[in-house]
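Based on the sequences and whatever the hints tell you, model everything.
Heads up: the sequence lines are chains H and S, in that order. Mapping of the first sequence onto the working numbering: position 204 corresponds to residue 204, and the numbering continues sequentially without gaps. Start counting at 1 in the second sequence, then tack on 1000, and there's your number in the working numbering.
Source of the hints: derived by calculation from the structure; they are not laboratory data. By construction, the Cβ of each residue, glycine as well, lies at the ideal position given by its N, Cα and C atoms. One should not assume that every hint holds.
Within a straight-line C-alpha distance of at most 30 angstroms, the following computed DSSO-like cross-link-like pairs (lysine-lysine) qualify [as the list claims (entries may be wrong)]: (1) H:K247 to S:K1309; (2) S:K1183 to H:K52; (3) H:K231 to S:K1219; (4) S:K1060 to S:K1162; (5) S:K1279 to H:K221; (6) H:K231 to S:K1279; (7) H:K196 to H:K2; (8) H:K225 to S:K1282; (9) S:K1068 to H:K152; (10) S:K1193 to S:K1279; (11) H:K216 to S:K1032; (12) S:K1068 to S:K1017; (13) H:K50 to H:K2; (14) S:K1322 to H:K231; (15) S:K1068 to H:K145; (16) S:K1219 to H:K247; (17) S:K1279 to H:K216; (18) H:K2 to H:K52; (19) S:K1017 to S:K1322; (20) S:K1055 to S:K1068; (21) H:K214 to S:K1032; (22) H:K50 to H:K145; (23) S:K1289 to H:K247; (24) S:K1086 to H:K218; (25) H:K247 to S:K1319; (26) S:K1032 to H:K225; (27) H:K231 to S:K1282; (28) S:K1219 to H:K145; (29) S:K1032 to H:K218; (30) H:K247 to H:K231.
Covered by chain S, per the in silico footprint, the following chain H stretches (three or more residues, Cβ under 8 angstroms) [stated by the list, open to error]: (31) 114-125; (32) 159-167; (33) 225-238.
If you only want the chain S side, here are some residues facing chain H, beta carbon under 10 angstroms, derived [said to hold, decoys possible]: (34) M1100; (35) T1128; (36) A1140; (37) L1144; (38) R1237; (39) A1271.
Each chain is listed here by its residues.
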Amino acid sequence: MKILVPVKRVPDPATTIRVLPDGSGIATDNVKWVINPFDEIAIEEALRIKEKQGSGEVVLISVGQTAWQEQLRTGLAMGADRAILVKADNPLDTLAIARVIAKVASDEKPELIIIGKQAIDDDSNQIGQMLAEMLGWPQATFASKVELAGEKCTVVREVDGGLETVAFPMPAVITTDLRLNEPRYASLPGIMKARKKPLNEIAVDSLGVDLTPKLKIKTLKAPEKRQAGRKVASVEELVQVLHTEAKVI
Amino acid sequence: MGDVLVFAEHRGGHFPKTTLIAVNAGLEMARKRGGQCIAVLSGEGATAAAAEIAKYGPSKVIVLDHPKLAHYLADAAAQALADLAKKTGAETVLATATAMGKDLMPRLAARLGAPMASEIIAINDDGTMVRPMYAGNALATIELDGPVRVVTVRGTAFDAAKPADVAAPIETVTPELDAASLKMEFVGFNEIKSDRPQLTEARIVVSGGRGLKSGDNFKTVLEPLVDEMGAAMGASRAAVDAGFVPNDLQVGQTGKVVAPELYVAVGISGAIQHLAGMKDSKTIVAINKDEEAPIFGVADYGLVADLFKAVPEMVEEVKKLKH
Ligand SMILES: Cc1cc2nc3c(=O)[nH]c(=O)nc-3n(C[C@@H](O)[C@H](O)[C@H](O)COP(=O)(O)OP(=O)(O)OC[C@H]3O[C@@H](n4cnc5c(N)ncnc54)[C@H](O)[C@@H]3O)c2cc1C
Ligand SMILES: Cc1cc2nc3c(=O)[nH]c(=O)nc-3n(C[C@H](O)[C@H](O)[C@H](O)COP(=O)(O)OP(=O)(O)OC[C@H]3O[C@@H](n4cnc5c(N)ncnc54)[C@H](O)[C@@H]3O)c2cc1C
Chain H
1 MKILVPVKRV PDPATTIRVL PDGSGIATDN VKWVINPFDE IAIEEALRIK EKQGSGEVVL
61 ISVGQTAWQE QLRTGLAMGA DRAILVKADN PLDTLAIARV IAKVASDEKP ELIIIGKQAI
121 DDDSNQIGQM LAEMLGWPQA TFASKVELAG EKCTVVREVD GGLETVAFPM PAVITTDLRL
181 NEPRYASLPG IMKARKKPLN EIAVDSLGVD LTPKLKIKTL KAPEKRQAGR KVASVEELVQ
241 VLHTEAKVI
Chain S
1001 MGDVLVFAEH RGGHFPKTTL IAVNAGLEMA RKRGGQCIAV LSGEGATAAA AEIAKYGPSK
1061 VIVLDHPKLA HYLADAAAQA LADLAKKTGA ETVLATATAM GKDLMPRLAA RLGAPMASEI
1121 IAINDDGTMV RPMYAGNALA TIELDGPVRV VTVRGTAFDA AKPADVAAPI ETVTPELDAA
1181 SLKMEFVGFN EIKSDRPQLT EARIVVSGGR GLKSGDNFKT VLEPLVDEMG AAMGASRAAV
1241 DAGFVPNDLQ VGQTGKVVAP ELYVAVGISG AIQHLAGMKD SKTIVAINKD EEAPIFGVAD
1301 YGLVADLFKA VPEMVEEVKK LKH
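As structure tokens, then:
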């Protein structure tokens, strides 16, 4: 079975984010770039399915700049078979990125697309669902368990108030939540092998996809900083101030 | 012109507060865009819920009636809502960013070829909107182009709609669905039952982290405080990952965003991903044995203490207040 896994390059989750004074973006000096953590979970799930089935192919896809090769190589080192970098020099909106991935998917014809539920930088939580609609496929967002049997896929989803189970035939799109699995680290032999794995580049303009941005980010600003309050000496004092000063209990 | 369709989520006729928040945000959007706010419901129990929603100020309530919509599934719901958006010529389709809202709205946006803004926290008079990015460390002012656009709102940023003087008329519409293209099947829902207030609706939230060390300690140490305060219980990702509590209690960037009057963080270090989900709470209390823990940087009142000693004491002190 062929599984396509989109990969986004994002600042390491431990990075302190600073908005540039002119509001044009965030400061990227000293930023360590990593694979979006939800995409690592997606790669891991794809690898486990391939390992369980004993055959198949895991293909990574990024829509970004040359530097994104670094994260694709990391994904290949985890065990993915090959990678596609659709080179786009300007940032695209979610609709355009989904259209690009959908176009590549219609050529590659995977049985599954496994994708992170949310990029931890832009926080949109959109692309998986958009892809499913563009391809006319079923979707299971926020997956915490995936089971395959023949053509059928059963997914447990993390939703408000509990866990929901849905089922559908493949091809389909699954978006990953935190509890789906714990991603492996790339091993040293994995890193060596990754250097020789295919990483193809395609120019985004060659795909004939509408890229016109419909969502425009006008400015960014830092939120008001919350001021730290004070320390209290005892539980008794804490409950007193909550009662008499904050008046919340 | 400028009409707003509000997706009014409910389960079997009962709706959470987040649905009234969507209605209120829809009313604000409609007012600013010079249009009407129309609430839309579908699924089992929709008629009963529609009669309630009609009392909260929309101009009209539409019930989408189709056997394929009996139980919510993204593919059918997106088709039905897109069909209605086209028929009504609505400018904005809006929902609260609940699990269902997040599941449905991007699919709808793709079907309409419309841009989508996730989890907005403000609607500006000039049509732009504000949304947090980077775990709330940046606020972006954004603009959506085109005749139709899709929006989810963050539940903590808007008030719930208030009852209006008159109830809106209710209309039933049968959407045109391409049944052959609908392949998703609902198998089951494993509901986590709780008598406590909902995390996203509670006036007080008490959350526990890895510092609690086990699920048993959540029960024997934290829960007495939660219940004594009439609070909802929340948790950090670390506590959920460790299996101490169910996933649906996770507060943070990738869990639920809450902003209660009082948030009590117990044994939580205060990672940026956690702060993203609670830093807009009115009053924040932190109980942590490490005085350097980042959570103290956002807490109004911090107590440096061993939680296993402090929490039982706090239960007693809160009890005293009541007598
Ligand atoms: C300087 C700058 C300016 C920007 N200006 C704009 C703007 O004007 N309008 C705008 O809409 N956005 C803008 N963006 C952000 C934009 O590029 C977002 O990355 C994009 O909108 C995707 O949103 P998301 O990552 O939050 O998607 P999500 O839906 O949260 O992502 C879900 C999943 O989709 C996949 N994914 C996301 N992006 C990619 C990708 N590029 N390649 C492969 N897979 C991917 C990942 O698997 C991810 O886990 C700007 C970014 C920068 C740095
Ligand atoms: C992609 C991604 C998404 C994430 N999303 C979220 C999210 O949505 N929500 C979230 O919460 N996190 C999220 N995280 C995880 C986050 O980065 C932190 O790892 C997590 O919040 C830590 O949880 P914690 O504070 O319970 O544990 P720790 O950081 O281990 O802190 C435990 C605290 O308990 C204190 N403690 C220990 N024993 C005692 C005692 N006896 N008495 C008093 N205090 C004690 C310690 O001093 C410490 O400060 C995410 C991470 C990633 C990478």
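Need the status of pair S:K1068, S:K1017: alpha-carbon distance at most 30 angstroms? 26 angstroms, holds
Next pair to validate is H:K231 with S:K1219; report whether the Cα-Cα distance is within 30 angstroms. 27 angstroms, holds
Are S:K1068 and H:K145 close enough, with their CA atoms no more than 30 angstroms apart? 25 angstroms, holds
The segment 225-238 of chain H covered by chain S? Criterion: 3 or more residues, Cβ-Cβ distance below 8 angstroms. holds (count 10)
Would the pair H:K214 and S:K1032 pass a check requiring their Cα atoms to be no farther apart than 30 angstroms? The hint holds at about 20 angstroms.
Are 3 or more residues of the segment 159-167 of chain H near chain S, judged by a Cβ distance of less than 8 angstroms? holds (count 9)
Check whether the Cα positions of S:K1032 and H:K225 lie no farther apart than 30 angstroms. 29 angstroms, holds
Below or equal to 30 angstroms on CA atoms is what counts here, so check S:K1289 against H:K247. 25 angstroms, holds
With the threshold set at 30 angstroms, check whether the alpha-carbon distance from S:K1068 to H:K152 stays at or below it. 20 angstroms, holds
Just to be careful, I want the Cα atoms of S:K1193 and S:K1279 compared with a cutoff of 30 angstroms; is the pair within it? 27 angstroms, holds
Assess, step by step, whether the Cα of H:K247 is no farther than 30 angstroms from the Cα of H:K231, and give holds or violated. Given that 30 angstroms is the threshold and the Cα spacing comes to 17 angstroms, the pair holds.
Do the alpha carbons of S:K1055 and S:K1068 lie within 30 angstroms of each other, as the hint requires? With a Cα-Cα distance of about 27 angstroms, the restraint between S:K1055 and S:K1068 holds, given a limit of 30 angstroms.
The earlier numbered hints are all upheld by this structure, with none contradicted.
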